[in-house]
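Trainee: Given the sequences, and given the hints that come with them, work out the whole structure.
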Amino acid sequence: MTPEQEKQLLQALYDRLFDAITYVPQGGGVNPFTKNETFIHFTKNETLQPSAFADAWNPTNPNADLGASELFATMVDKVAPLSLEWAPKDQPLALVYKSIVDGMNEAKSARPSQASIDAYNKAKAYLQKSEKNPFTGEMTAGGLSDEYQAYLKNLQALTEAYSDYTSRYNTFVDEVVDAEAANDANAKKRAQREWVADEKGLRREISNAQANLTAGNSKWVQMALDTMNTTINDAIARALESAKAQVADDQFNAGTQNKWLLTYANPTNWYDPSATENFSELTISSKNKVDDKSTTSHAYTFGASFNAGLWGVSAKSQGEFSNTQHHMKADEVSIRCKIAKVSIVRPWFDETLFRSDNWFTNLRGEDETLYISNGKLDSTNADSILPMYPVAFIVARDIEITANFTKEDLEIIKQSASAETKVSYGPFSIGGSYKYGNEKEHSELEVSDGKLRVPGMQIIGWVSRVMPPSPKRSRKVLDT
Numbered sequence: 204m205t206p207e208q209e210k211q212l213l214q215a216l217y218d219r220l221f222d223a224i225t226y227v228p229q230g231g232g233v234n235p236f237t238k239n240e241t242f243i244h245f246t247k248n249e250t251l252q253p254s255a256f257a258d259a260w261n262p263t264n265p266n267a268d269l270g271a272s273e274l275f276a277t278m279v280d281k282v283a284p285l286s287l288e289w290a291p292k293d294q295p296l297a298l299v300y301k302s303i304v305d306g307m308n309e310a311k312s313a314r315p316s317q318a319s320i321d322a323y324n325k326a327k328a329y330l331q332k333s334e335k336n337p338f339t340g341e342m343t344a345g346g347l348s349d350e351y352q353a354y355l356k357n358l359q360a361l362t363e364a365y366s367d368y369t370s371r372y373n374t375f376v377d378e379v380v381d382a383e384a385a386n387d388a389n390a391k392k393r394a395q396r397e398w399v400a401d402e403k404g405l406r407r408e409i410s411n412a413q414a415n416l417t418a419g420n421s422k423w424v425q426m427a428l429d430t431m432n433t434t435i436n437d438a439i440a441r442a443l444e445s446a447k448a449q450v451a452d453d454q455f456n457a458g459t460q461n462k463w464l465l466t467y468a469n470p471t472n473w474y475d476p477s478a479t480e481n482f483s484e485l486t487i488s489s490k491n492k493v494d495d496k497s498t499t500s501h502a503y504t505f506g507a508s509f510n511a512g513l514w515g516v517s518a519k520s521q522g523e524f525s526n527t528q529h530h531m532k533a534d535e536v537s538i539r540c541k542i543a544k545v546s547i548v549r550p551w552f553d554e555t556l557f558r559s560d561n562w563f564t565n566l567r568g569e570d571e572t573l574y575i576s577n578g579k580l581d582s583t584n585a586d587s588i589l590p591m592y593p594v595a596f597i598v599a600r601d602i603e604i605t606a607n608f609t610k611e612d613l614e615i616i617k618q619s620a621s622a623e624t625k626v627s628y629g630p631f632s633i634g635g636s637y638k639y640g641n642e643k644e645h646s647e648l649e650v651s652d653g654k655l656r657v658p659g660m661q662i663i664g665w666v667s668r669v670m671p672p673s674p675k676r677s678r679k680v681l682d683t
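Under the numbering used here, the first residue of the sequence shown is numbered 204, with each subsequent residue one higher.
There may be inaccurate statements among the hints.
No more than 35 angstroms apart at the CA atoms, straight line, and that leaves these computed lysine-lysine pairs for DSBU-like [to be verified]:
#1 541 with 490
#2 356 with 422
#3 238 with 541
#4 403 with 462
#5 238 with 462
#6 490 with 617
#7 490 with 391
#8 617 with 238
#9 654 with 675
#10 579 with 238
#11 238 with 490
#12 292 with 403
#13 292 with 610
#14 447 with 335
#15 541 with 210
#16 325 with 238
#17 675 with 541
#18 638 with 356
#19 462 with 579
#20 579 with 210
#21 292 with 579
#22 610 with 392
#23 422 with 332
#24 325 with 447
#25 332 with 490
#26 422 with 325
Label pairs and their in silico Cβ distance ranges [to be verified]:
#27 403 with 234: 16 to 26 angstroms
#28 426 with 292: 32 to 42 angstroms
#29 292 with 555: 15 to 25 angstroms
#30 484 with 321: 45 to 55 angstroms
For the record, the hints were derived by calculation from the structure and aren't laboratory data. In this text, a Cβ means the ideal position worked out from N, Cα and C, and glycines have one as well.
Mentor: Okay, structure coming up:
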């Protein structure tokens, strides 16, 4: 494959993932992953040992394993970079967020109404509950209420229904393209009939998921969320007090490397190989055309990170890793796998604070530079303190890469047999030790008849949300 063909393959993969994550039906619907705030990063060599996460903490598993809980919390405790390749900033998100929140001060010019403060407090009380940290014994006010947890579960089910719909539609498009290329009218008609039959059921699943999201107490949850968003300015003192309490030193758990805060996944059984309902089929090939009308809201392209090729080899020698890249020599490749989007729930993180303009901090320059985030998905935001943060990650399993592999390709693949060497193709790891789990164990793969089968589970991408512009006001404006 030429370098341009490899880039097009990556772009087609990105577009399909982005469409599946941000999809909303033409008639409208709810999706927390909006096109103008969502960014996907491809990663490399992030293989997982599923059993390592089996007993991690979540609200329904209070007697969790400390190691599994820390592993998950620290894995996702990152400040996302503004780049297509996942290279998170050095300091953990929890500590960055804490340093910002601790420096927030209520504006003297704020004139809150008691009615707004009462409304904010009632909404927050409905969405949160106090619970005991099983590892420190401290009580935290950052837990989510049962009603809010049910709402998030239904919201996850809706986004999964969206993903299933777009995945099946893309399969239909591929089948039609292949049939037309083969001049097979019968295959084209068969694909059309099957899509029409499947589309009704998939649309019904979306409708059912939308109904569940508005049933029972969900409408009160949505009302509480809306109330907090609209009253945050008037109740800023209460909001700041609560936010600082949730990231106080006594709320952190002592970790093997860094302190960490309780964080969990939605769905909670994401690591379970038998939880097939979490996964959708994904098929991509070098034949896929890149749509000129991209739905992504940023101008980032696959340039320097992958110019040297999609084969990546990271070999350990004398305690250090050396990284090399190579172009695939095969002229055609197709990738099939099952993927799932796993949302990250941080009860201690309050993004609504950053949408308020009734607080000040020293993180706004004399020249009005917004040091936290300027709210843009471009390079001007790259050096900000908190330009974006990961809200989900994409896991893949049952990966198959089919190609007319050349001798050079097979030599690269053979290197994955060593636990000291990590081999990847684009965001897909095809061998090496686990990054998350027992690093002494090694994931195996099978190669036969031009097909490379990768067992197990791995992260292939991270989904981030850009932070709103903040601080919104300078101190001198608010205090006059």
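Trainee: All hints, please: hold or fail.
Mentor: Status of the hints after comparison with the structure:
no., hint, verdict
1, 541 with 490, "20 angstroms, holds"
2, 356 with 422, "14 angstroms, holds"
3, 238 with 541, "23 angstroms, holds"
4, 403 with 462, "49 angstroms, violated"
5, 238 with 462, "33 angstroms, holds"
6, 490 with 617, "26 angstroms, holds"
7, 490 with 391, "17 angstroms, holds"
8, 617 with 238, "40 angstroms, violated"
9, 654 with 675, "53 angstroms, violated"
10, 579 with 238, "13 angstroms, holds"
11, 238 with 490, "26 angstroms, holds"
12, 292 with 403, "44 angstroms, violated"
13, 292 with 610, "38 angstroms, violated"
14, 447 with 335, "18 angstroms, holds"
15, 541 with 210, "22 angstroms, holds"
16, 325 with 238, "31 angstroms, holds"
17, 675 with 541, "42 angstroms, violated"
18, 638 with 356, "28 angstroms, holds"
19, 462 with 579, "30 angstroms, holds"
20, 579 with 210, "25 angstroms, holds"
21, 292 with 579, "18 angstroms, holds"
22, 610 with 392, "39 angstroms, violated"
23, 422 with 332, "18 angstroms, holds"
24, 325 with 447, "19 angstroms, holds"
25, 332 with 490, "52 angstroms, violated"
26, 422 with 325, "15 angstroms, holds"
27, 403 with 234: 16 to 26 angstroms, "21 angstroms, holds"
28, 426 with 292: 32 to 42 angstroms, "36 angstroms, holds"
29, 292 with 555: 15 to 25 angstroms, "23 angstroms, holds"
30, 484 with 321: 45 to 55 angstroms, "49 angstroms, holds"
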